[in-house]
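Novice: When you get a sec, could you build the whole thing from the sequences and use the hints?
Residue numbers (the numbering used here), protein chains in the order written: chain D, 1 to 418; chain S, 1 to 418; chain Z, 1 to 418; chain C, 1 to 418.
Simulated from the structure, these hints should not be mistaken for laboratory data. Treat each hint with caution, since some may be false.
Derived SDA-like pairs: lysine to any residue, alpha-carbon spacing no greater than 25 Å straight-line [to be verified]:
no., chain 1, residue 1, chain 2, residue 2
1, S, K103, S, K311
2, Z, K197, S, R403
3, D, K288, Z, S129
4, C, K256, C, R281
5, S, K288, C, G127
6, S, K311, D, T7
7, C, K38, C, K256
8, D, K197, C, E196
9, D, K26, S, R15
10, D, K288, S, N384
11, S, K26, D, A61
12, S, K26, S, K288
13, C, K347, D, D190
14, D, K288, Z, S380
15, D, K103, S, D398
16, S, K38, S, R403
17, C, K26, Z, E70
18, D, K103, D, P282
19, Z, K103, C, D4
20, S, K288, D, P282
21, C, K288, Z, P21
22, D, K288, S, K311
23, S, K288, D, R385
24, D, K103, S, R15
25, C, K288, Z, S380
26, S, K311, D, E70
27, D, K311, S, P57
4 protein chains.
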Amino acid sequence: MNGDAFTAHESNVRRYCRAFPTVFTKALGATIWDETGKPFIDFLVGSGALNYGHNNPDIMAPAIEYLVGENILLSLDMHTAAKRDFIEGFVDWILKPRGLSYKIQFPGPTGTNANEAALALARKCTGRSSVMAFTNAFHGMSLGSLAVSGSASTREQGGVARHDVIRVPYDGYPSQAFDSVSYIDCILSDPGSGIEKPAAIILEIIQAEGGMNAASTAWLTEIQRICRTHGIVFIVDDIQAGAGRTGDFFSFESAKIEPDIVCLSKSLSGSGSPLSIVLIRPDLDIWKPGEHSGTFRGNNFAFVTAGAMCKMWSDRKFTAGVERTALRLQTHLDRLVAKFPRYIEQKRGRGLMAGLKCRSPALVGRVHDVAFENGLLIESSGPNRDVIKVLPPITITDAELDRGITILDHALQEQDNA
Amino acid sequence: MNGDAFTAHESNVRRYCRAFPTVFTKALGATIWDETGKPFIDFLVGSGALNYGHNNPDIMAPAIEYLVGENILLSLDMHTAAKRDFIEGFVDWILKPRGLSYKIQFPGPTGTNANEAALALARKCTGRSSVMAFTNAFHGMSLGSLAVSGSASTREQGGVARHDVIRVPYDGYPSQAFDSVSYIDCILSDPGSGIEKPAAIILEIIQAEGGMNAASTAWLTEIQRICRTHGIVFIVDDIQAGAGRTGDFFSFESAKIEPDIVCLSKSLSGSGSPLSIVLIRPDLDIWKPGEHSGTFRGNNFAFVTAGAMCKMWSDRKFTAGVERTALRLQTHLDRLVAKFPRYIEQKRGRGLMAGLKCRSPALVGRVHDVAFENGLLIESSGPNRDVIKVLPPITITDAELDRGITILDHALQEQDNA
Amino acid sequence: MNGDAFTAHESNVRRYCRAFPTVFTKALGATIWDETGKPFIDFLVGSGALNYGHNNPDIMAPAIEYLVGENILLSLDMHTAAKRDFIEGFVDWILKPRGLSYKIQFPGPTGTNANEAALALARKCTGRSSVMAFTNAFHGMSLGSLAVSGSASTREQGGVARHDVIRVPYDGYPSQAFDSVSYIDCILSDPGSGIEKPAAIILEIIQAEGGMNAASTAWLTEIQRICRTHGIVFIVDDIQAGAGRTGDFFSFESAKIEPDIVCLSKSLSGSGSPLSIVLIRPDLDIWKPGEHSGTFRGNNFAFVTAGAMCKMWSDRKFTAGVERTALRLQTHLDRLVAKFPRYIEQKRGRGLMAGLKCRSPALVGRVHDVAFENGLLIESSGPNRDVIKVLPPITITDAELDRGITILDHALQEQDNA
Amino acid sequence: MNGDAFTAHESNVRRYCRAFPTVFTKALGATIWDETGKPFIDFLVGSGALNYGHNNPDIMAPAIEYLVGENILLSLDMHTAAKRDFIEGFVDWILKPRGLSYKIQFPGPTGTNANEAALALARKCTGRSSVMAFTNAFHGMSLGSLAVSGSASTREQGGVARHDVIRVPYDGYPSQAFDSVSYIDCILSDPGSGIEKPAAIILEIIQAEGGMNAASTAWLTEIQRICRTHGIVFIVDDIQAGAGRTGDFFSFESAKIEPDIVCLSKSLSGSGSPLSIVLIRPDLDIWKPGEHSGTFRGNNFAFVTAGAMCKMWSDRKFTAGVERTALRLQTHLDRLVAKFPRYIEQKRGRGLMAGLKCRSPALVGRVHDVAFENGLLIESSGPNRDVIKVLPPITITDAELDRGITILDHALQEQDNA
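Specialist: Okay, structure coming up:
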């Protein structure tokens with residue numbers, strides 16, 4: 001069998017491999033190499049699952065040691081020493097310093113497993129079945145998560161009606177003129193509105209797939225108030241925006257809110273190994289033993305790397321570095337916005353979770369192709385795929401960041417000749 | 001923070017850790033050790049996710065080498081060399097020798113992700129929304145999989161109505177007197193039956209969680225014929241029964257059927273690392289690029305270990321060993337059935353996927369406790385949890401197997417004094 | 001505008017007017033006349049809505065007097081003297097003599113309004129959402145009733161998925177070999193069956209649209225026992241089989257069961273004027289005032305005629321006459337079955353609610369056409385429309401009955417030449 | 001059995017009889033009398049089902065003649081002379097003069113039967129399942145209509161989740177500041193909005209139960225444009241606002257729109273006898289024969305009275321009278337608003353479909369009670385029941401109207417002493 005194994009045997013559903021037509025092998029930090037040895041700066045980082053870069057040595061060293069030692073790898077939800085170390089690290093280095101105290105649930109290891117568990121728990125806690133979700137939301141591909149997602153193309157593939165979802169406008173949708181929070185408050189209070197009280201409101205602090213839309217602190221504060229007033233469980237899906245992406249560990253820290261349930265996955269393991277957790281306000285942890293399960297919830301390899309990731313947040317030098325890198329990125333992007341008003345409409349997002357809203361999807365497609373040619377991996381998002389997602393590792397070196405931005409700048413520049 | 005991190009911080013949902021109250025550390029083959037150094041024979045193997053034993057050296061050695069080499073770990077659905085190697089191995093060592101030619105889809109890495117993708121594809125292919133599923137089925141914890149599962153306790157936790165599911169009796173349900181296949185055929189043919197034609201029929205060849213119920217070849221052949229006749233997609237969820245568990249790689253090989261879609265996960269990676277695939281009859285592979293996705297579908301660590309697992313099946317000595325072990329296990333179980341008619345009603349399952357239907361759940365609970373005390377991990381299943389699941393690694397040594405069975409024998413024996 | 005007003009202006013949905021292509025004007029007893037003065041014996045009686053014949057003088061005389069007297073016609077659910085008279089008549093002449101004590105709800109005046117109210121109340125009483133319904137059931141055309149109906153062609157027109165319905169086999173479905181009651185009992189008791197406990201079981205004692213299938217007393221008794229055991233509301237849809245059709249007032253009298261809720265409509269008004277009621281076991285009458293409504297629930301014209309109908313049941317001569325007519329009809333049908341074994345498979349139904357299961361739908365169509373030509377209106381039913389429905393007025397004269405049967409006999413005879 | 005038959009035997013669900021605690025007997029024009037002979041002016045008219053007054057002689061005379069003549073009363077959808085006369089009258093006197101050409105479907109005779117048929121047809125025409133409906137809508141009590149209704153208390157009684165409904169804000173909801181039409185346009189155009197394209201938009205031109213909210217011409221024109229642009233079926237539920245209530249025959253005439261489907265019932269028969277029709281744009285009439293049915297769709301008594309009602313609209317004197325009465329009512333209400341600013345916030349509605357939004361539900365309750373005491377029947381509506389509905393017969397005499405208003409005026413005046 002030769003090199004076109006993918007074409008011959010893999011389902012037509014594959015996508016990124018068409019956008020980046022090469023075969024990758026090595027990877028370190030912000031750089032990955034293909035079979036020919038060509039390096040690429042990675043501004044895509046596994047759709048946000050590699051915030052700490054590829055093969056981060058602080059994270060991988062203990063994992064290799066763990067493997068070599070014939071330690072237990074898969075343990076369902078049995079107790080293991082590696083799991084205990086992770087729990088302790090997460091509590092001591094992440095939760096406690098932020099004044100948070102959540103119970104930790106280990107569902108299946110993917111983001112959608114976490115959202116499904118969160119939604120099920122909210123329904124169990126309230127005895128209600130519907131959930132309020134937002135325009136342009138993305139929460140995952142299994143049926144429960146799909147139901148609350150906004151994108152027509154992904155949702156339609158579910159092939160069944162999406163039930164029990166109350167769709168409401170996100171902050172600034174369809175325009176800033178529209179006061180979405182007042183509308184939500186009104187339909188929840190009016191007995192004639194035709195809207196049932198939902199079990200939960202689920203949202204992303206920054207809608208990544210939806211076009212890098214960042215909610216304002218004022219709006220988030222109001223949403224939390226509405227949840228408290230109406231007895232609705234407030235769920236933050238922090239799968240893409242959390243685990244350090246915005247510069248803070250949680251994306252909601254700067255808004256000073258405290259959701260009832262938080263879902264983490266993607267970069268949580270630090271290594272790209274599948275892991276997810278659901279953080280639950282202790283009084284809502286009414287699960288009965290075994291009521292929710294999942295074979296791979298005991299991925300000890302991921303516990304080890306996740307523990308190492310948590311420890312990094314106890315290091316002031318690390319957090320200062322992330323902060324500085326975020327500023328550097330934002331400065332770069334401001335410059336690009338100023339330089340290419342004919343192509344770029346607006347900067348989107350926050351911190352290291354940034355986007356450039358462009359004037360057409362076609363342009364974004366061409367920029368993507370030129371960038372790939374020149375050694376940069378970037379992705380687009382938004383309902384019309386006209387937003388360039390800029391997601392470098394938060395541990396990227398200045399040199400790598402500058403090099404990536406330079407390639408992006410050139411790719412935009414080249415559109416003058418398109 | 002001290003050793004009760006679990007009690008203090010983990011969600012109440014945890015279950016196995018209550019049944020096996022210790023902290024595990026090391027694991028090799030069929031044995032795992034707790035912190036105190038006490039060994040346990042493992043007849044639970046991660047609910048079927050560790051068919052090849054813990055830290056199988058044939059599987060782990062290339063993985064460690066891969067990690068040390070700073071090779072790419074997470075790649076979404078981009079091409080990587082490790083992924084290509086896995087695809088080629090799976091095609092050459094698994095599919096081709098069995099005369100099968102499926103397209104391979106990589107959904108999210110859990111079993112439920114695979115089932116959700118399979119169901120979505122069947123709905124897309126047929127334009128129908130409902131799915132036919134069986135009494136006592138188990139297909140996973142996300143909403144789409146939950147909907148087709150039978151167990152009331154797991155399904156109810158979803159908190160929303162289970163839509164679009166046509167529930168029909170499995171082979172031999174409620175008793176052999178009832179001809180379930182004729183009933184299914186009739187309701188699909190009668191325009192007044194009140195049953196819509198479903199997109200798919202989804203089933204397990206052996207219902208593991210449902211009580212180790214094995215479908216007969218005759219029944220499976222008829223179900224396949226009904227699917228062909230009515231244009232219904234035939235999905236086999238081979239997540240627990242596949243990847244070698246029954247002695248064959250696929251659980252349906254002995255029935256000589258060829259499902260339209262097959263879902264694999266659990267032991268597919270060979271290492272316990274999360275991985276799943278959906279095998280699709282090529283003409284049903286009508287996915288559009290990117291229509292189904294998932295961050296962790298590119299788990300290269302798992303590709304490496306899964307490739308090593310596939311290679312094992314090319315080794316006659318390996319397959320002969322599995323066959324011999326299956327016989328040895330069956331002989332053991334027949335002996336126990338004959339010895340303890342007062343406790344055991346019936347042997348269930350097939351090959352190395354075996355069960356003992358006991359006369360009461362309480363008895364099973366006591367046997368479990370005594371076995372744990374004496375160094376054996378076993379699990380129960382069935383709607384009333386009165387079936388002892390016997391799932392040793394298929395690579396277990398005779399000595400380990402005999403030792404496990406001896407502990408089980410003693411635990412049963414001890415019930416005379418209970 | 002000329003005589004083809006129907007073709008020019010009425011929706012294509014019209015059906016009976018195609019089967020009986022003429023324009024009707026007068027009607028009395030079992031006979032109706034068309035514009036040309038041609039008389040027809042009516043074995044269709046408004047699909048069971050005219051059990052007491054057309055313009056029954058005992059029923060119509062007080063109605064005309066009521067109208068002439070400028071009495072109130074529409075009153076919502078306000079008190080009127082006519083409503084009080086009906087309630088008293090229904091209690092004194094129908095309920096009390098049968099030892100029944102139900103609360104009476106007046107929903108909208110159609111059968112489907114009654115079934116919708118009954119299902120809503122059962123859901124409210126139990127807090128459960130699903131309902132168990134049977135193969136080949138028919139309960140009406142609004143969404144809630146449609147959901148529990150069996151026929152694919154009618155249900156599909158709803159255009160939305162039919163939710164919350166557990167479909168189970170009716171008595172003798174698919175064959176007498178299948179013990180449907182044991183199956184139902186088993187799936188309600190087994191926590192792994194995948195079947196939620198329903199709010200209600202709804203059924204017809206004789207399935208009219210489903211092919212005149214009559215449930216046995218033994219089966220009905222078991223169904224009632226299952227409802228009692230599992231706390232499920234037992235609803236009898238007596239819309240077509242009740243109000244005298246079987247010879248008894250309620251179709252379930254001979255089975256000596258006492259359903260929790262009974263729905264009546266069609267012949268309830270005696271005059272063909274729309275009226276329906278829901279009979280509710282008093283302790284289940286937990287409606288709050290105004291919780292269910294309907295503009296036309298106060299149809300006083302119908303109250304007056306319904307009251308007159310109820311009074312007829314206090315007359316021994318009337319009931320004896322109905323009994324005798326039922327016997328006469330059954331004797332006729334037995335003779336036809338014996339005479340035409342090449343066309344008729346089986347007699348169906350009971351009392352004056354009779355059917356002839358024929359060997360093909362085409363035959364039934366031809367018999368229908370010849371009968372119409374010769375002055376008899378009959379209808380077919382069943383999923384394959386191969387059952388001739390024989391529904392004369394229960395007040396039909398012997399002469400009219402014999403004449404109708406003779407036309408039917410000739411129409412069958414003529415098939416020898418077809 | 002004595003006079004409290006209602007308490008003893010009628011379901012607790014009864015409501016109006018509690019608000020108007022007496023027993024009614026006679027009724028003529030705008031006046032009804034109770035058993036004691038006390039007259040009441042009727043501003044409730046069967047919730048809009050008696051727009052032409054009680055026992056209107058122009059309407060009842062032909063009906064009595066029809067009954068006395070032993071003409072056919074119930075005919076399913078067979079052709080009858082009375083039905084033909086109605087169709088011709090409706091086409092000649094109602095549709096043609098307004099430049100409309102619809103196909104006429106006769107569903108079951110209640111409003112909700114008509115709405116269910118309209119929704120089913122829209123789903124069939126488009127192949128889509130969801131429907132867009134508005135805050136504070138009311139469309140009926142069967143499940144399909146209930147689903148699109150806004151009121152929590154009525155919807156919840158259905159006891160099952162309301163599926164496939166997209167709830168959007170009505171004109172001016174929650175305030176005039178909110179541009180509901182732009183919002184609707186946006187969510188239908190944005191692929192990320194999370195809103196499926198619906199089969200239909202269903203609305204009332206004036207929301208009666210919702211609080212007498214009248215949509216503006218501009219808003220209705222835009223809604224019609226959106227439906228045309230997106231290929232959505234535009235359904236007007238004209239059950240309460242149509243058949244003359246606003247002064248025009250259809251409530252949408254003044255807005256110069258032409259809906260794809262119009263549902264009529266309530267006052268359509270002119271007599272209070274149950275009748276409803278669905279008007280269908282001819283190219284949407286894709287029903288197959290018999291695909292939708294209903295026993296009571298052939299209510300010939302109602303055909304006769306409805307035909308007489310239609311004829312009235314051909315009389316200029318009649319329409320001029322209605323117009324004058326509408327003006328007289330509006331003048332009265334303007335005066336009340338000016339006189340009682342402490343009690344009345346706003347006049348609502350249009351023409352003879354009027355409402356007074358009051359400052360509290362308690363006030364409305366007290367006004368209702370005093371008015372009843374003094375001989376006036378009025379009703380309230382709105383999600384908080386703080387709107388007095390003023391629905392006199394459109395044929396009311398000036399003297400009766402003035403008398404009713406005087407009683408209302410006094411009842412308001414008396415609140416100064418409350």
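Novice: Please write out, lowest number first, the hints stated earlier that are contradicted by the structure.
Specialist: 2, 7, 9, 12, 14, 15, 20, 22 and 27
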